[in-house]
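Once you've looked at the hints, dock chain B against the given chain Y.
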Amino acid sequence: MPRLGLRARVSTTVAVGALVLSAAVATLSYQFIRSSLVDERRNVVWRTAYYDASYVEARIGGPDTDYVEVLSSFNPGRGRTPVLVVAGTPYRLDVAGVDIPRNLAEMVEGGQAGRQVVRTEQGPAMIIGIPLSATTQYYEIVSLQELDNNLRQIGLVLTLVAGGVTLAGAGLGWYTGRRALRPLASVAEAAQGIAAGDLNARLDPQAEPDLQRLAASFNNMVDQLQQRIERDRRFAADVSHELRSPLQTLAAAAAVLERRQDHLDPRTADAARLVVEEVDRFQQLVTDLLEITRAESELDLSEVDVLALARDQCKRREIDPALVTVLDGEDATWLADARRVEQILGNLLENAERHGGGVVAVRLYQEGEHNVIEVDDDGPGVLPENRELIFRPFVRGSTAERRGDTDGAGLGLAIVARLAESHGGRATVLDRPGGGARFRVELSRRPQ
Amino acid sequence: MSGVLVIEDDDRIRRSLMMALEDEGYKVRGTATAEEGLAAHRAEPAEAVLVDLMLPGIDGFECVRQLRRDGDATIVVVSARDDTHDIVAALEAGADDYLVKPVAIKELSARMRAVRRRNRGGQASPSTIVVGDLEIRADAGEVRLRGEPVQLTRTEFLLLCELGAHAGQVLSRQQLLQRVWGYEFGDERLVDVHVGRLRQKIEDDTSSPRRLVTVRGLGYKLQR
Chain Y
1 MPRLGLRARV
11 STTVAVGALV
21 LSAAVATLSY
31 QFIRSSLVDE
41 RRNVVWRTAY
51 YDASYVEARI
61 GGPDTDYVEV
71 LSSFNPGRGR
81 TPVLVVAGTP
91 YRLDVAGVDI
101 PRNLAEMVEG
111 GQAGRQVVRT
121 EQGPAMIIGI
131 PLSATTQYYE
141 IVSLQELDNN
151 LRQIGLVLTL
161 VAGGVTLAGA
171 GLGWYTGRRA
181 LRPLASVAEA
191 AQGIAAGDLN
201 ARLDPQAEPD
211 LQRLAASFNN
221 MVDQLQQRIE
231 RDRRFAADVS
241 HELRSPLQTL
251 AAAAAVLERR
261 QDHLDPRTAD
271 AARLVVEEVD
281 RFQQLVTDLL
291 EITRAESELD
301 LSEVDVLALA
311 RDQCKRREID
321 PALVTVLDGE
331 DATWLADARR
341 VEQILGNLLE
351 NAERHGGGVV
361 AVRLYQEGEH
371 NVIEVDDDGP
381 GVLPENRELI
391 FRPFVRGSTA
401 ERRGDTDGAG
411 LGLAIVARLA
421 ESHGGRATVL
431 DRPGGGARFR
441 VELSRRPQ
Chain B
449 MSGVLVIEDD
459 DRIRRSLMMA
469 LEDEGYKVRG
479 TATAEEGLAA
489 HRAEPAEAVL
499 VDLMLPGIDG
509 FECVRQLRRD
519 GDATIVVVSA
529 RDDTHDIVAA
539 LEAGADDYLV
549 KPVAIKELSA
559 RMRAVRRRNR
569 GGQASPSTIV
579 VGDLEIRADA
589 GEVRLRGEPV
599 QLTRTEFLLL
609 CELGAHAGQV
619 LSRQQLLQRV
629 WGYEFGDERL
639 VDVHVGRLRQ
649 KIEDDTSSPR
659 RLVTVRGLGY
669 KLQR
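For the record, the sequence lines run as chains Y and B.
If you read the first sequence in our numbering, its first letter stands for residue 1, the second for the next number, and so on.
If you read the second sequence in our numbering, its first letter stands for residue 449, the second for the next number, and so on.
Incorrect hints may have been included.
[Unchecked claim] The list that follows gives simulated cross-link-like pairs (lysine-lysine, DSSO-like), each with its CA atoms no further than 27 Å apart:
id: 1; chain 1: B; residue 1: K475; chain 2: B; residue 2: K554
id: 2; chain 1: B; residue 1: K554; chain 2: Y; residue 2: K315
id: 3; chain 1: Y; residue 1: K315; chain 2: B; residue 2: K669
id: 4; chain 1: B; residue 1: K649; chain 2: B; residue 2: K669
By construction, these hints were calculated from the structure, which means they are not laboratory data.
For reference, chain Y alone in the conformation it holds in the complex (with noise of 0.2 Å):
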């Protein structure tokens, strides 16, 4: 069974008090009223019982008296019905009324004054009997429909106020639930801004008393992922940055063993060769991972001239830089960080000469909030399902599964990848129309 939510228990919880409350402040109340108006309402028939009895006692006296003119000479109010019993015959005004029940008529009989409430066909009554003399006794029906009338309403009233303060108690319920999960709206609102990357999400811990403790164990629990991050980006960038010294080492002792591989026997030239092969390698590898751990580093921005910078870019790789076209005007000079846009353009061609058969286009337009950079190739293409996974780092080009003395490490569109978003875009691969990949880079406008 799912379990009710927070809010929902909440509300459960005070509407149900609220019920179990009113419906106990409505029963003692009906129970109150009841009492006290059926008290009275009994107090008034004995009374008035007592004072018809007295009228037709007074008027009975003579042996050939008409019962029925006694009864019918006296007016005994509406809902009254006055029977007259003399030697065990009842005498009525109304013709089939209610019967005398057994036990009353037995207790009057015996001399003793009575009452019993029954129920009629025109609802509750009260039969009040008293004794006249040992052979007539006096009874009066009295109606009680009004009073159970008013009693019904009564309750039906104080039914109605106990359901309106459960369905109030369950709404305040909901209410207050809402109010004091409100806080908690923004412990959702931080968090989620720390997944989507931004570490520096924090909560007030004044703004809500009762919440101080989440508020301070939360801002610790991102505090120390905040420095958790820092320190293996810090790591990363250490790791690569140490290389470099013994890395310019190799370099130059690989170089000294290049120029001088004529002097050395074929055996320990061969040797000296795949030493400088990997030497240049690893000192790729090492400037592309330098590179994306720059990614993470702040924007360097400024107006960015990035036709000229395109252009010149295809130059150093014997690329006609005419290939390179803005779609929307003369020139593309967009706010940007030089640095990054220069890598991804190089990678981006790069890429195209190595694994795409050579560059075919490179527009540079704006679209919306972005500035987008298209670099097409005439390669085979990019499979749907590798269209992610290419841009993912250490995955390699189809045309060049095995290393080749040329390849790079395969870090090149995951460079590019991790520089778009560094940059607020992002960088997809699609089809060009005609065959061959087109390779989209948006980089935001508005970077920050």
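Structure of chain B alone, referenced to chain Y:
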């Protein structure tokens, strides 16, 4: 003035760099500290000085500053630090170029050759160029602004000569890198920082330059 001076505190790096540069045909000296390096340079000025930034005692930035004050040697910073801040700071201290470790010896050698060409080859530009109130005397190595001499480093001077020889024309950063530094390809920040330093010396208001202007999307131009 001859040879290359390597100021690098890491023994292995210094030794390997010296070996590799010697193999390239340079006369190379090396020191482990800036103090020794500055003394060696004063005793016998080198054509080019390679300086590491993280040095014990006087650090690389200060070393570059003093070398620049002392003379006209080409100063190349070779550092493991690749922060833009460090690069700009080193260039502003007076370095002509900045290379990030590990530097391929081929690239270092190409730069050294460019330096050598630059230092030996004369400028093909006319001997005196007058642009407005700016007077550039290429043969005398002198620049005057409203008749007052302006102190420029060699790189700044060559940059101004190149821009002056093509006054009114736009030169791209890559063109300037090729013609002033002698590099086929290079870091364009080199040009930007040196243009910035040049502006401080020849512009009245560097925030809105009137003489040495930036042409968006193209490069730099010295206004006629």
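Going down the list of hints, with the structure as the test:
| no. | hint | verdict |
| --- | --- | --- |
| 1 | K475/B to K554/B | holds, 17 Å |
| 2 | K554/B to K315/Y | holds, 19 Å |
| 3 | K315/Y to K669/B | holds, 22 Å |
| 4 | K649/B to K669/B | holds, 16 Å |
Going through the hint list in order, the structure satisfies each hint without exception.
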